[in-house]
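Novice: The residues making up each chain are set out below.
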Amino acid sequence: MSKIYQTASDAMAGLCKDGVTVMSGGFGLCGIPENLIAAMRDSGAKDLTVISNNAGVDGFGLGQLLETKQVKKMISSYVGENKEFERQYLGGELELEFNPQGTLAERIRAGGAGIPGFYTKTGVGTLIAEGKEHKDFPNSNGDVETFILETGLKADVTIIKAWKGDAEGNLIFKATARNFSPMMATAGTVTVAEVDEIVPVGSLDPNFIHTPGIFVQRIVQAKCEKRIEQRTVREG
Amino acid sequence: MSKIYQTASDAMAGLCKDGVTVMSGGFGLCGIPENLIAAMRDSGAKDLTVISNNAGVDGFGLGQLLETKQVKKMISSYVGENKEFERQYLGGELELEFNPQGTLAERIRAGGAGIPGFYTKTGVGTLIAEGKEHKDFPNSNGDVETFILETGLKADVTIIKAWKGDAEGNLIFKATARNFSPMMATAGTVTVAEVDEIVPVGSLDPNFIHTPGIFVQRIVQAKCEKRIEQRTVREG
Amino acid sequence: MALDKAGWTRDQMAARAAQELEDGFYVNLGIGIPTLVANHIPDGINVTLQSENGMLGMGPFPTEDEVDADLINAGKQTITTLPKSSFFDSATSFAMIRGGHIDLSILGAMEVSENGDIANWMIPGKMVKGMGGAMDLVAGVKRCIALFDHTNKRGESKFIKACTLPLTGQNCIHMVVTDLGVFDRKSGQARFRLRELAPGIDLEEVRSKTEADVIWS
Amino acid sequence: MALDKAGWTRDQMAARAAQELEDGFYVNLGIGIPTLVANHIPDGINVTLQSENGMLGMGPFPTEDEVDADLINAGKQTITTLPKSSFFDSATSFAMIRGGHIDLSILGAMEVSENGDIANWMIPGKMVKGMGGAMDLVAGVKRCIALFDHTNKRGESKFIKACTLPLTGQNCIHMVVTDLGVFDRKSGQARFRLRELAPGIDLEEVRSKTEADVIWS
Numbered sequence: 001m002s003k004i005y006q007t008a009s010d011a012m013a014g015l016c017k018d019g020v021t022v023m024s025g026g027f028g029l030c031g032i033p034e035n036l037i038a039a040m041r042d043s044g045a046k047d048l049t050v051i052s053n054n055a056g057v058d059g060f061g062l063g064q065l066l067e068t069k070q071v072k073k074m075i076s077s078y079v080g081e082n083k084e085f086e087r088q089y090l091g092g093e094l095e096l097e098f099n100p101q102g103t104l105a106e107r108i109r110a111g112g113a114g115i116p117g118f119y120t121k122t123g124v125g126t127l128i129a130e131g132k133e134h135k136d137f138p139n140s141n142g143d144v145e146t147f148i149l150e151t152g153l154k155a156d157v158t159i160i161k162a163w164k165g166d167a168e169g170n171l172i173f174k175a176t177a178r179n180f181s182p183m184m185a186t187a188g189t190v191t192v193a194e195v196d197e198i199v200p201v202g203s204l205d206p207n208f209i210h211t212p213g214i215f216v217q218r219i220v221q222a223k224c225e226k227r228i229e230q231r232t233v234r235e236g
Numbered sequence: 001m002s003k004i005y006q007t008a009s010d011a012m013a014g015l016c017k018d019g020v021t022v023m024s025g026g027f028g029l030c031g032i033p034e035n036l037i038a039a040m041r042d043s044g045a046k047d048l049t050v051i052s053n054n055a056g057v058d059g060f061g062l063g064q065l066l067e068t069k070q071v072k073k074m075i076s077s078y079v080g081e082n083k084e085f086e087r088q089y090l091g092g093e094l095e096l097e098f099n100p101q102g103t104l105a106e107r108i109r110a111g112g113a114g115i116p117g118f119y120t121k122t123g124v125g126t127l128i129a130e131g132k133e134h135k136d137f138p139n140s141n142g143d144v145e146t147f148i149l150e151t152g153l154k155a156d157v158t159i160i161k162a163w164k165g166d167a168e169g170n171l172i173f174k175a176t177a178r179n180f181s182p183m184m185a186t187a188g189t190v191t192v193a194e195v196d197e198i199v200p201v202g203s204l205d206p207n208f209i210h211t212p213g214i215f216v217q218r219i220v221q222a223k224c225e226k227r228i229e230q231r232t233v234r235e236g
Numbered sequence: 001m002a003l004d005k006a007g008w009t010r011d012q013m014a015a016r017a018a019q020e021l022e023d024g025f026y027v028n029l030g031i032g033i034p035t036l037v038a039n040h041i042p043d044g045i046n047v048t049l050q051s052e053n054g055m056l057g058m059g060p061f062p063t064e065d066e067v068d069a070d071l072i073n074a075g076k077q078t079i080t081t082l083p084k085s086s087f088f089d090s091a092t093s094f095a096m097i098r099g100g101h102i103d104l105s106i107l108g109a110m111e112v113s114e115n116g117d118i119a120n121w122m123i124p125g126k127m128v129k130g131m132g133g134a135m136d137l138v139a140g141v142k143r144c145i146a147l148f149d150h151t152n153k154r155g156e157s158k159f160i161k162a163c164t165l166p167l168t169g170q171n172c173i174h175m176v177v178t179d180l181g182v183f184d185r186k187s188g189q190a191r192f193r194l195r196e197l198a199p200g201i202d203l204e205e206v207r208s209k210t211e212a213d214v215i216w217s
Numbered sequence: 001m002a003l004d005k006a007g008w009t010r011d012q013m014a015a016r017a018a019q020e021l022e023d024g025f026y027v028n029l030g031i032g033i034p035t036l037v038a039n040h041i042p043d044g045i046n047v048t049l050q051s052e053n054g055m056l057g058m059g060p061f062p063t064e065d066e067v068d069a070d071l072i073n074a075g076k077q078t079i080t081t082l083p084k085s086s087f088f089d090s091a092t093s094f095a096m097i098r099g100g101h102i103d104l105s106i107l108g109a110m111e112v113s114e115n116g117d118i119a120n121w122m123i124p125g126k127m128v129k130g131m132g133g134a135m136d137l138v139a140g141v142k143r144c145i146a147l148f149d150h151t152n153k154r155g156e157s158k159f160i161k162a163c164t165l166p167l168t169g170q171n172c173i174h175m176v177v178t179d180l181g182v183f184d185r186k187s188g189q190a191r192f193r194l195r196e197l198a199p200g201i202d203l204e205e206v207r208s209k210t211e212a213d214v215i216w217s
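First to last, the sequence lines map onto chains E, Z, W and F.
Just so we're aligned: 81 in our numbering is position 81 of the first sequence, and the numbers increase by one with no gaps anywhere.
Just so we're aligned: 3 in our numbering is position 3 of the second sequence, and the numbers increase by one with no gaps anywhere.
Just so we're aligned: 90 in our numbering is position 90 of the third sequence, and the numbers increase by one with no gaps anywhere.
Just so we're aligned: 46 in our numbering is position 46 of the fourth sequence, and the numbers increase by one with no gaps anywhere.
Rather than coming from a laboratory, the hints here were simulated on the basis of the structure.
Quick reminder that beta carbons are idealized off the backbone N, C-alpha and C, glycines included.
Among the clues, some could well be false.
[Claimed, not checked] Pair ranges (Cβ atoms, derived):
{"#": "1", "chain 1": "E", "residue 1": "E145", "chain 2": "Z", "residue 2": "G59", "range": "56 to 62 Å"}
{"#": "2", "chain 1": "Z", "residue 1": "D205", "chain 2": "E", "residue 2": "H134", "range": "23 to 29 Å"}
{"#": "3", "chain 1": "W", "residue 1": "T80", "chain 2": "Z", "residue 2": "G59", "range": "26 to 32 Å"}
{"#": "4", "chain 1": "Z", "residue 1": "E145", "chain 2": "F", "residue 2": "R195", "range": "50 to 56 Å"}
{"#": "5", "chain 1": "W", "residue 1": "G44", "chain 2": "E", "residue 2": "T7", "range": "25 to 31 Å"}
{"#": "6", "chain 1": "E", "residue 1": "K72", "chain 2": "F", "residue 2": "T63", "range": "18 to 24 Å"}
{"#": "7", "chain 1": "W", "residue 1": "D23", "chain 2": "Z", "residue 2": "E130", "range": "50 to 56 Å"}
{"#": "8", "chain 1": "W", "residue 1": "D43", "chain 2": "E", "residue 2": "G131", "range": "51 to 57 Å"}
{"#": "9", "chain 1": "F", "residue 1": "P60", "chain 2": "Z", "residue 2": "V199", "range": "20 to 26 Å"}
{"#": "10", "chain 1": "F", "residue 1": "R195", "chain 2": "Z", "residue 2": "E130", "range": "52 to 58 Å"}
{"#": "11", "chain 1": "W", "residue 1": "G200", "chain 2": "E", "residue 2": "D47", "range": "57 to 63 Å"}
{"#": "12", "chain 1": "Z", "residue 1": "G80", "chain 2": "F", "residue 2": "R195", "range": "58 to 64 Å"}
{"#": "13", "chain 1": "W", "residue 1": "D23", "chain 2": "F", "residue 2": "D23", "range": "56 to 62 Å"}
Between the sequences and the hints, there should be enough to build the whole structure, so can you do that?
Specialist: Pasting the structure below:
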């Protein structure tokens with residue numbers, strides 16, 4: 001009953017099917033599941049719908065799946081770091097659905113929490129609101145404000161990167177590498193986590209587990225390159 | 001700029017006004033803000049709307065506010081441990097709004113997160129659904145399911161109990177004493193936390209803070225009695 | 001215990017329900033008889049118990065020395081952790097429940113109807129306790145087993161055509177385990193079918209005590 | 001720096017915006033000029049910077065030795081922690097933003113209109129980058145200051161009657177700080193009013209470069 005797999009490709013076995021929807025954790029290149037993305041690329045699965053805040057950079061992270069044209073559609077909030085993405089999108093080869101970052105995070109949380117829809121002020125009066133249901137709610141001043149309906153998002157497969165994990169699937173994340181991963185873990189039919197380190201069950205403090213094991217079906221220890229997009233330093 | 005107050009009544013100063021809505025953390029008697037409840041009672045503020053999963057027991061926890069008839073209305077999921085509550089309710093002296101526990105938790109989270117409404121399956125076809133908007137959403141099988149609209153909840157004042165906290169308002173909770181408190185912290189215009197221990201800023205690991213300080217306006221160290229409702233033991 | 005009486009004891013009902021557990025399951029047990037299921041988890045089956053007040057991996061009751069007021073289950077009983085345990089807030093707890101992450105919920109019932117409705121939270125004008133997490137559980141968990149005495153104190157069937165008490169949930173019970181036997185059904189519109197009789201109980205007795213229209217063969 | 005040119009430099013614009021900070025504020029700074037505001041926080045004012053990728057209490061850039069790939073801000077720059085810092089997931093981060101817990105957002109703009117609309121995320125057919133967290137920020141944060149050059153490269157006003165680019169948010173900007181001056185307004189339907197001219201800038205120059213209908217006195 002251990003959830004531990006030995007390699008990233010073992011951990012992805014049977015999940016990389018054409019046409020599946022994949023959630024992939026990370027903000028920029030921070031906290032992305034590098035090895036699971038590479039395994040997804042190696043599988044050759046195509047027509048993927050990928051839900052991820054960003055699209056990697058050219059040739060790295062999700063950029064790898066764009067190069068091989070395995071992606072049919074992206075749902076993201078910001079894709080500015082990827083020229084190949086821009087080229088495919090402007091050339092009509094790639095579908096793109098922009099979501100405001102907070103709306104994207106909340107849609108994923110909602111999908112995992114059994115909430116099919118929620119209302120938000122974000123995007124009211126913008127392109128994002130077009131075609132969406134509008135609804136008024138009273139605010140605390142008794143005035144009425146207008147909100148739009150956003151729906152929950154789920155995935156066939158979620159791939160995330162954590163700091164430490166155990167055989168029960170309990171995970172902790174480090175610093176800002178946490179970002180979208182905890183919500184995505186809840187929204188995948190199968191969630192696969194790669195971790196810097198697999199630790200014995202019982203060594204993570206139960207008070208401080210970020211993702212309880214119930215949300216994680218497979219786990220693999222793997223080494224990440226952890227590229228930095230904007231190395232910014234001050235004088236020491 | 002420190003958020004630290006010296007006593008529970010200092011920490012509640014200016015907040016205990018007639019007619020305010022108060023959220024109070026805890027599940028049963030586990031994790032309730034004993035000292036802040038007592039300060040609220042001592043203030044004599046009346047016509048309170050109290051949002052809390054439970055209503056304490058006779059004479060302890062929120063039971064204290066019931067005895068003094070300071071509560072006009074309760075929003076709770078379970079009040080079975082409190083005879084005075086039952087007496088006042090059946091006698092028409094007290095309004096009561098039952099929410100399913102998960103709906104209550106999510107309504108509070110929504111209130112704190114700027115979400116005025118969300119849909120849930122919970123309660124469809126029951127008394128809870130009466131008068132609420134129904135809406136169909138497709139499920140992953142392509143079938144349509146019916147959900148009901150629930151609204152976000154906010155409070156004028158939130159009172160919670162945490163394990164450790166610092167002058168910035170950062171909090172951690174212990175074991176199952178966490179329950180509703182992190183969401184309630186986000187949904188109060190003013191959130192007051194009583195803690196077992198105030199620790200120096202910088203001594204809580206930033207990776208493992210349950211409630212970031214932005215959600216907490218006042219904090220006080222106070223000793224709790226921590227009554228146990230069902231002391232259940234096995235042979236040692 | 002009560003072996004002279006035909007049918008299952010409360011403990012035997014719990015043991016029967018425990019046979020529905022599968023390896024790797026995440027399970028929520030209601031207050032009362034369902035709590036006893038934890039004592040009958042079959043050997044070799046690794047089950048993780050969820051407590052909706054914010055815990056996965058619920059351990060046994062504590063020894064006197066281990067009692068911790070900050071560590072209770074949803075029945076407000078003191079409990080302990082296991083090496084695999086984790087704690088979380090109520091919103092996360094019900095994200096697990098509502099989001100379909102819990103494999104099985106075993107809960108008590110005042111009434112279950114032949115179409116899988118359940119009533120277990122309210123008796124109008126009499127009992128004002130509240131539904132707690134029960135409505136969320138029956139709406140969200142993948143499979144729900146109702147565990148209850150087949151008849152009430154007056155000998156009237158509690159497994160009936162249509163619930164008379166306010167519902168906890170609609171069309172959500174997949175299996176019924178009572179002191180007299182076991183009934184199950186596929187999800188959706190299927191009817192319940194008798195699967196098993198408790199020892200010493202014959203078909204005639206169950207039929208006479210069951211108001212619900214079930215498949216008897 | 002550029003003192004020979006009339007009006008504020010980028011750094012001076014940031015310094016002027018920093019005067020709007022109040023003790024105890026939680027603040028989100030956008031990418032570009034707004035990031036510079038962090039260098040001009042007035043003495044005695046304790047401000048906590050939020051980074052929407054999941055951090056409160058953003059510290060300065062790291063020394064070479066401190067660089068940590070797992071610790072970046074929303075501009076993807078390496079940063080450091082402070083003693084008061086906390087990390088959280090993206091849903092919690094935007095619960096802070098959407099829920100009105102952030103006191104002030106300072107962000108760049110391509111266009112701001114006289115009724116407080118802002119456009120800063122898209123040029124149709126040209127730029128495909130995305131809005132990131134900007135739409136959430138302008139919709140959720142209590143007060144929003146737009147910080148931008150008063151005119152574009154062709155000398156055309158960017159503070160205009162109505163935005164021509166796709167909006168980021170409607171009626172959400174409360175203050176405008178440009179290289180030429182400062183404008184503010186009450187929330188809701190109020191008009192912007194000129195509050196301050198940058199050094200070396202006279203009223204005539206600002207009026208001529210402002211398409212928006214503002215209160216000049």
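Novice: Give a verdict on every hint.
Specialist: The hints, checked one at a time:
no. : hint                          : verdict
1   : E145/E <-> G59/Z: 56 to 62 Å  : 42 Å, violated
2   : D205/Z <-> H134/E: 23 to 29 Å : 43 Å, violated
3   : T80/W <-> G59/Z: 26 to 32 Å   : 29 Å, holds
4   : E145/Z <-> R195/F: 50 to 56 Å : 54 Å, holds
5   : G44/W <-> T7/E: 25 to 31 Å    : 28 Å, holds
6   : K72/E <-> T63/F: 18 to 24 Å   : 44 Å, violated
7   : D23/W <-> E130/Z: 50 to 56 Å  : 41 Å, violated
8   : D43/W <-> G131/E: 51 to 57 Å  : 56 Å, holds
9   : P60/F <-> V199/Z: 20 to 26 Å  : 24 Å, holds
10  : R195/F <-> E130/Z: 52 to 58 Å : 53 Å, holds
11  : G200/W <-> D47/E: 57 to 63 Å  : 60 Å, holds
12  : G80/Z <-> R195/F: 58 to 64 Å  : 59 Å, holds
13  : D23/W <-> D23/F: 56 to 62 Å   : 57 Å, holds
Going through the hint list in order, the structure does not satisfy hints 1, 2, 6, 7.
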